[in-house]
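2 protein chains.
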Amino acid sequence: MSPHSLPPAPAAYRTLDTDGIRAFLAGVPTLATRLGGPAAHWRIREVSDGNLNNVFLIDGPQGGVCFKQSLPHVRVDPAWKMPLDRTFYEAAYLREIRPCVGALTTDILHFDPDLFVLVVESLDRHVVLRRGLMAGGDWPDAARAVGAFVARGAFHTSLLAAPFEEITRRLDVFSGNRTLTRITVDLVLTDPYRDHPRNHWISPDLDGIAADIRTDPHVRRRVGAMQARFLTCRQALLHGDLHTGSVMVADDDTRVIDGEFACPGPIGFDCGLFIGNLLLHLFACGDSAGQDRAVRDIAQFWASFHDTFGELWRTATRHDGNGDAYAAALFRDDPSGLQQAQADFMRDVTADTIAFAAMEIIRRIVGYAHVPDFDTIPDRAARAGRQAAALALARDLLADPDIVTTIADLESLARGRAR
Amino acid sequence: MSPHSLPPAPAAYRTLDTDGIRAFLAGVPTLATRLGGPAAHWRIREVSDGNLNNVFLIDGPQGGVCFKQSLPHVRVDPAWKMPLDRTFYEAAYLREIRPCVGALTTDILHFDPDLFVLVVESLDRHVVLRRGLMAGGDWPDAARAVGAFVARGAFHTSLLAAPFEEITRRLDVFSGNRTLTRITVDLVLTDPYRDHPRNHWISPDLDGIAADIRTDPHVRRRVGAMQARFLTCRQALLHGDLHTGSVMVADDDTRVIDGEFACPGPIGFDCGLFIGNLLLHLFACGDSAGQDRAVRDIAQFWASFHDTFGELWRTATRHDGNGDAYAAALFRDDPSGLQQAQADFMRDVTADTIAFAAMEIIRRIVGYAHVPDFDTIPDRAARAGRQAAALALARDLLADPDIVTTIADLESLARGRAR
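Chains A and B, in that order, are what the protein sequence lines are. Under UniProt numbering, the letters of the first sequence match residues 1 to 419, in that order. Under UniProt numbering, the letters of the second sequence match residues 1 to 419, in that order.
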């Protein structure tokens, strides 16, 4: 898949089985203490759910940890070889954003650079938001928490928050995350818009709309621009894979996990992936109450992101922040000027969000990695019909940027199309 | 000036005087051979003209070379300390772009990483374009050559030309050019829009317009956005200081020099600086024929840039190029779609160009480093009047992005205002 040759795995690397994991954890005093008791009593469960890594939860008498290890290939496709560095980038991402998002993500407990093992807090009382939504659950605060997560992470890694020397140095680390960025470029931004053997969909039901998306000149023009936007616009450090499967929820707690796709990019990419996955859920959702909740979640995510980001920016300006973009000196004495500048800025983020949401919908129905949300619809024709409606919305959003220019309009349009 | 501490100069570093330069060149066989004859016969002339480095031309019986050495301070202000790495970045820039721009820049002959000495082709039959224009000279092909230079350098370092892995790796080198990028951020993008002791202008004549620019809410809003654009939009490798003093001309030859400000950024920054300096010349120019030539040069620069860039892009698409933005697969069979995508792309580059041209005009009249073009006007009041007209144009361009949306409109408006 990658045009680049694979670096050799470090000599010390080996994929750990449960015995290996037990010995590894016992050898790290802080982790052994956290788990408590003799290592032989620790319960080790594999919970690998994503496509890439081995993930285990370990419970001891005192507490639990989550153990994540990179494999030298894609977990679900051993023929697809891949370098090991993705847990390095996930650890680096946690170190960057944990100070500004606090308990909206997991605490990093340990990283081993030889084994590419990352150990973080265990979230064993949480469920994956996507799975919870598919089961008809409701977490009224989750979307708001994710919005705050994106706003805080993005603001504090942007040129609004610090001088360019510092921001560039921090973002450049993640330029090295080439393997996973290549996956995003291929699977999200490129493959669905060309004939590619990795693409698949319910055929022949969706053949027409899939071909329509591939050949519509307006869609292609917009997709080309969004490819450039993702790769050239370094607004902030992105999570890079912020779908509903990257969010863990409990009744009173929301955590964003799985930051291994972290890369510099446009803030609307994170917003667009999250909203795109809520829209996928909306279209997969059979009942009106569930659809209402999906729309509410989109609205709350966006309001939370928008307001939190704006407030961080206003505070930095008031306190004479030293960011080099929209320098504080310009707006310190001009709150209404700052308000207008923020509106300009958010107009661009909104446009990016809508376009990336549309591209996420498309790639999750006709690309390589589909979402399971539609699996709740047992009838194949009905499933294809819901997917076709989602695809048609996405196509229309890309073909005509003026069809929807606010997230509120997006909610209304999607709600109408999903009925 | 820099918020960062200065790295110590390498132990081997010393500033070379003419004897030191002679010994240095004699010690590099390729350079000694190029000069020819005994070293004692070489003629060494200091030609330092820019603000930063020592520059000497050396002539021998066989040929000449240009010797450039970084100083541990700004050449024209020894109290302003500065790291030595700028010749490293200039050498790196030449290595990047020389393969795609050929003889539109100088060949790099030698780089010494201890002494921070860069030796390039001597251009002793050339004159600096700015000085030539000020003397009333005319180089009908120069602007076209500079347009081709920008187009080729930008295209081949952009995501239109190569996969992101390669482009990111190449651009990230220049993220390290923090000292000179800080100068751009402060002197070009920030200081003229705040009270700062480095700012100066013909006072009291220009006090009003300078204050107007600093306080106009529409100008501030646009300046804020352009600060963000310069620092977050990594479209290509920029020259970074492409004014008319960075271009050397002979009757049949044009070369762009002084790439030490090279950094990743929006392509319109290079275009805007060059056009901004031609506009400064236009406003400084007393005679109608000279003004006509300045307008012609702007038109030819832009046509050359626009057409060369578009043709490189079309060719890459036809040949199934592997750039990740506007991927070839989208447009290979759709030339009219590509044409529209190019129009979208160029609309953004044009908007950037106009805004950065305006900011260049402003900083060259009220900021730290002025242009000498206006020195040809002996009468102080007349000089201030021409400068005020240039500033008013720049202010209007920033305050209302719709006043001018094409370079042709910019030419007309400027020509009218400069009369």
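Do not rely on the hints blindly, as some may be mistaken.
Label-pair restraints from in silico Cβ distances [to be verified]: (1) B/ASP141 x A/ASP195: 56 to 62 Å; (2) A/SER48 x B/THR315: 27 to 33 Å; (3) B/THR215 x A/ASP400: 53 to 59 Å; (4) B/THR315 x A/ALA211: 53 to 59 Å; (5) B/VAL127 x A/ARG170: 41 to 47 Å; (6) B/ALA408 x A/ALA369: 58 to 64 Å; (7) A/ARG170 x B/THR406: 52 to 58 Å.
Where chain B lies over chain A, by a calculated footprint (3+ residues, C-beta under 8 Å) [to be verified]: (8) 151–157; (9) 228–239; (10) 285–294; (11) 330–337; (12) 362–370.
Since the hints were derived computationally from the structure, they do not count as laboratory data. From the three backbone atoms N, C-alpha and C, an ideal C-beta is built for every residue, glycine too.
Structure-based check of all given hints:
For B/ASP141 paired with A/ASP195, a C-beta distance near 46 Å fails the hint of 56 to 62 Å. Roughly 46 Å separates the CB atoms of A/SER48 and B/THR315, a value that falls outside the hinted 27 to 33 Å. Between B/THR215 and A/ASP400 the CB atoms are about 39 Å apart, so this pair departs from the stated range of 53 to 59 Å. Checked against the given bound of 53 to 59 Å, the beta carbons of B/THR315 and A/ALA211, roughly 28 Å apart, lie outside it.
At roughly 44 Å, the beta carbons of B/VAL127 and A/ARG170 sit within the given window of 41 to 47 Å. Distance hint check for B/ALA408 and A/ALA369: the Cβ-Cβ separation is about 47 Å, which falls outside the suggested range of 58 to 64 Å. In this structure the hint that A/ARG170 and B/THR406 lie 52 to 58 Å apart at CB is violated, the actual value being about 38 Å. Coverage of the stretch 151–157 of chain A by chain B is violated. Counting CB-CB distances below 8 Å, 0 residues qualify, and the rule asks for three or more.
Taking a C-beta to C-beta cut-off of 8 Å, the stretch 228–239 of chain A contributes 6 residues in contact with chain B, enough for the three needed, and the coverage statement holds. Under the rule that three or more residues need a Cβ within less than 8 Å of chain B, the assignment of the stretch 285–294 of chain A is violated, with 0 such residues. Given as covered by chain B, the stretch 330–337 of chain A passes the check, having 5 residues with a CB less than 8 Å from a CB of that chain where 3 are the minimum. Proximity of the stretch 362–370 of chain A to chain B, defined as three or more residues with a beta carbon under 8 Å from a beta carbon of that chain, is not established by the 0 residues found.
Of the hints listed earlier, those the structure fails to meet are numbers 1, 2, 3, 4, 6, 7, 8, 10 and 12, in rising order.
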